[in-house]
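Chains as they are written, first to last, in the working numbering: chain A, 4 to 298; chain B, 3 to 219.
Errors might be hidden in some of the hints.
[Claimed, not checked] Below, simulated DMTMM-like cross-link-like pairs (lysine to aspartate or glutamate); rule was C-alpha separation at most 20 Å, straight line:
#1 136(A) - 205(B)
#2 167(A) - 167(B)
#3 200(B) - 124(A)
#4 227(A) - 49(B)
#5 198(B) - 34(A)
#6 227(A) - 13(B)
#7 228(A) - 167(B)
#8 200(B) - 34(A)
#9 167(A) - 205(B)
#10 120(A) - 49(B)
#11 9(B) - 71(B)
#12 42(A) - 286(A)
#13 228(A) - 173(B)
#14 45(B) - 13(B)
#15 120(A) - 173(B)
#16 167(A) - 49(B)
#17 65(A) - 34(A)
#18 22(B) - 131(B)
#19 146(A) - 194(B)
#20 198(B) - 188(B)
#21 208(B) - 124(A)
It is worth saying that the hints were derived from the structure and are not from the lab.
Since the structure is predicted, the reported quantities are computational estimates derived from the model, not experimental observations.
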Amino acid sequence: MSFSKKIKNGKFIITAEVAPPRGIEWKTVIESIEPLKGKVDAFNVTDNQRSMVRMSSLAMSKLLLDSGFEPIFQLTCRDRNRIALQSELLGAAALGIKNVCLMTGDFTTLGDQPDAKPVFDIDSIHLIQTAKKLESGVLLNGKELKGVPNFTVGAVYNPFAGPKVLQVWKLRKKIEAGAEFIQTQPVYDVRVAKDVHDLIESLGAIPIIGLLPIKSLKMANFMKKLNPTSIPNRLIEGLERANNPAQYGWDYVIDIAHAIAEFGKGIHFMLVGKTAELAAFIDYLRNNSPYNHKF
Amino acid sequence: MVVVRLKPLEEILETLKGFKRVFIFGCELGSSRCKNGGLKEAKNLGEELEKFGFKVTGIRSPGGTCVLERIASPERNLLKEAEESSDVILSLACGAGTQLIAENVDIPVLTGVSTIFIGAERKGKYFDEYCIACGDCIISKTGGICPVARCPKSLTAGPCGGAIDGKCEIDPSMPCIWYTIAQRLEKLNQPDVLLKLKTPMRDYRKSIYPRRFVVED
Ligand code: SF4
Ligand code: SF4
Numbered sequence: 004m005s006f007s008k009k010i011k012n013g014k015f016i017i018t019a020e021v022a023p024p025r026g027i028e029w030k031t032v033i034e035s036i037e038p039l040k041g042k043v044d045a046f047n048v049t050d051n052q053r054s055m056v057r058m059s060s061l062a063m064s065k066l067l068l069d070s071g072f073e074p075i076f077q078l079t080c081r082d083r084n085r086i087a088l089q090s091e092l093l094g095a096a097a098l099g100i101k102n103v104c105l106m107t108g109d110f111t112t113l114g115d116q117p118d119a120k121p122v123f124d125i126d127s128i129h130l131i132q133t134a135k136k137l138e139s140g141v142l143l144n145g146k147e148l149k150g151v152p153n154f155t156v157g158a159v160y161n162p163f164a165g166p167k168v169l170q171v172w173k174l175r176k177k178i179e180a181g182a183e184f185i186q187t188q189p190v191y192d193v194r195v196a197k198d199v200h201d202l203i204e205s206l207g208a209i210p211i212i213g214l215l216p217i218k219s220l221k222m223a224n225f226m227k228k229l230n231p232t233s234i235p236n237r238l239i240e241g242l243e244r245a246n247n248p249a250q251y252g253w254d255y256v257i258d259i260a261h262a263i264a265e266f267g268k269g270i271h272f273m274l275v276g277k278t279a280e281l282a283a284f285i286d287y288l289r290n291n292s293p294y295n296h297k298f
Numbered sequence: 003m004v005v006v007r008l009k010p011l012e013e014i015l016e017t018l019k020g021f022k023r024v025f026i027f028g029c030e031l032g033s034s035r036c037k038n039g040g041l042k043e044a045k046n047l048g049e050e051l052e053k054f055g056f057k058v059t060g061i062r063s064p065g066g067t068c069v070l071e072r073i074a075s076p077e078r079n080l081l082k083e084a085e086e087s088s089d090v091i092l093s094l095a096c097g098a099g100t101q102l103i104a105e106n107v108d109i110p111v112l113t114g115v116s117t118i119f120i121g122a123e124r125k126g127k128y129f130d131e132y133c134i135a136c137g138d139c140i141i142s143k144t145g146g147i148c149p150v151a152r153c154p155k156s157l158t159a160g161p162c163g164g165a166i167d168g169k170c171e172i173d174p175s176m177p178c179i180w181y182t183i184a185q186r187l188e189k190l191n192q193p194d195v196l197l198k199l200k201t202p203m204r205d206y207r208k209s210i211y212p213r214r215f216v217v218e219d
């Protein structure tokens, strides 16, 4: 079943993230996710993530599609004005790429070309409105399209950002604008996952909860610095005590994934290092878990 | 106020290469307030230039170098004075003032400053960028605080996902302006103002430069 069908039918969703290469060697990227073929429902293809230049997200999405994977084309407002954004969305649709995840994007100075001009002509809410406008058969300026696209539109939410009331306000506007699914920043606490799930669902979209396995104490501390409230002390303590922190970090996240499979609608793996393990976990969820009916 | 930053002496010396008689303009509005191009800085710079063998022919710092009448009136024509006495004019006024001088004299005009922003001043020491002259002011709806100029992404529909702990994702030494806006509206007991705020795509025709403003008769 396609990603969009699953979204529409309320099936449990499993997505993962894949970054285009720095360069043009895309085959190794495809090879690295081969074990997840037919298991992960769709792959988010990042758009020059953290403002670091990579191969185009649209091109990589198409290469994924051609290689038998379903892409979610990520598109940000950092590098393109509304003319370019409409054009990219139309291009994606023409190439058969239906799923899009639309966001504002990281700021230019955080990346490896800090001297670039930041664009931010429109924001994530506007970009969602733009995709919906195109679906209605016209450009933003009202001019009629020859051939009308049809997207499955997603957006993102960071449960640890603030001020809370404004973040929720913004989330609501994204969903009102037409976001059908919301992928979140990584969560390390089942209660947080449940709250975020409930919030997104109550606003009318499919929550896909972000999960990023922690590989080391160093990584956990780095994440804590970025997002202080996202990493619970218990995770830090566990990593300190563990003989094999990478395994501990993995098991920790899989436990949360388990819990989400029970109450939730979807999970989003943000780092696919352990592809074989992830594939095995997905097999278990589908075949042997008590929640296998959800898939 | 327009805030400027004095260029390093080496850079000024480099641009003045080949000239001898230098007339220095400062400005007693912006450049003077931020202590980077008023009369005092112009005088200091003049002394430095003399040490390097230049002849400083005059130093003037009108209250508003970007107003033609202030620099060239029949009673007090600073431009003429400069032009007749010097090979070159070095201006410490903002980009607008310096260009106004340049289009009204027949000798080269160089700048000794970079114009950095429109800002607010505190304690004569701190200058913060508060407005980018977007041409379509929205601050009546955002607690009198400007997210267009004070959010690096100019987000007008609420904070981005990098707004954590009250700090801006781009530079943690800055507040995320959306926290400031939210606090302000809470204090005013107007928490709903934002929630009702309509945030259409902005019309950038209002900020396409160069713009002209005409005072109506
Ligand atoms: S909204 Fe525009 S005009 Fe108003 S303060 Fe901000 S940048 Fe200046
Ligand atoms: S953290 Fe706040 S001020 Fe900084 S870019 Fe995001 S919304 Fe703008």
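Okay, the hints, checked on the actual structure:
{"no.": "1", "hint": "136(A) - 205(B)", "verdict": "holds, 18 Å"}
{"no.": "2", "hint": "167(A) - 167(B)", "verdict": "holds, 11 Å"}
{"no.": "3", "hint": "200(B) - 124(A)", "verdict": "holds, 17 Å"}
{"no.": "4", "hint": "227(A) - 49(B)", "verdict": "violated, 53 Å"}
{"no.": "5", "hint": "198(B) - 34(A)", "verdict": "violated, 49 Å"}
{"no.": "6", "hint": "227(A) - 13(B)", "verdict": "violated, 43 Å"}
{"no.": "7", "hint": "228(A) - 167(B)", "verdict": "holds, 11 Å"}
{"no.": "8", "hint": "200(B) - 34(A)", "verdict": "violated, 46 Å"}
{"no.": "9", "hint": "167(A) - 205(B)", "verdict": "violated, 29 Å"}
{"no.": "10", "hint": "120(A) - 49(B)", "verdict": "violated, 39 Å"}
{"no.": "11", "hint": "9(B) - 71(B)", "verdict": "violated, 27 Å"}
{"no.": "12", "hint": "42(A) - 286(A)", "verdict": "holds, 8 Å"}
{"no.": "13", "hint": "228(A) - 173(B)", "verdict": "holds, 13 Å"}
{"no.": "14", "hint": "45(B) - 13(B)", "verdict": "holds, 18 Å"}
{"no.": "15", "hint": "120(A) - 173(B)", "verdict": "holds, 17 Å"}
{"no.": "16", "hint": "167(A) - 49(B)", "verdict": "violated, 56 Å"}
{"no.": "17", "hint": "65(A) - 34(A)", "verdict": "holds, 15 Å"}
{"no.": "18", "hint": "22(B) - 131(B)", "verdict": "violated, 37 Å"}
{"no.": "19", "hint": "146(A) - 194(B)", "verdict": "violated, 36 Å"}
{"no.": "20", "hint": "198(B) - 188(B)", "verdict": "holds, 14 Å"}
{"no.": "21", "hint": "208(B) - 124(A)", "verdict": "holds, 13 Å"}
The structure shown violates the earlier hints numbered 4, 5, 6, 8, 9, 10, 11, 16, 18, 19.
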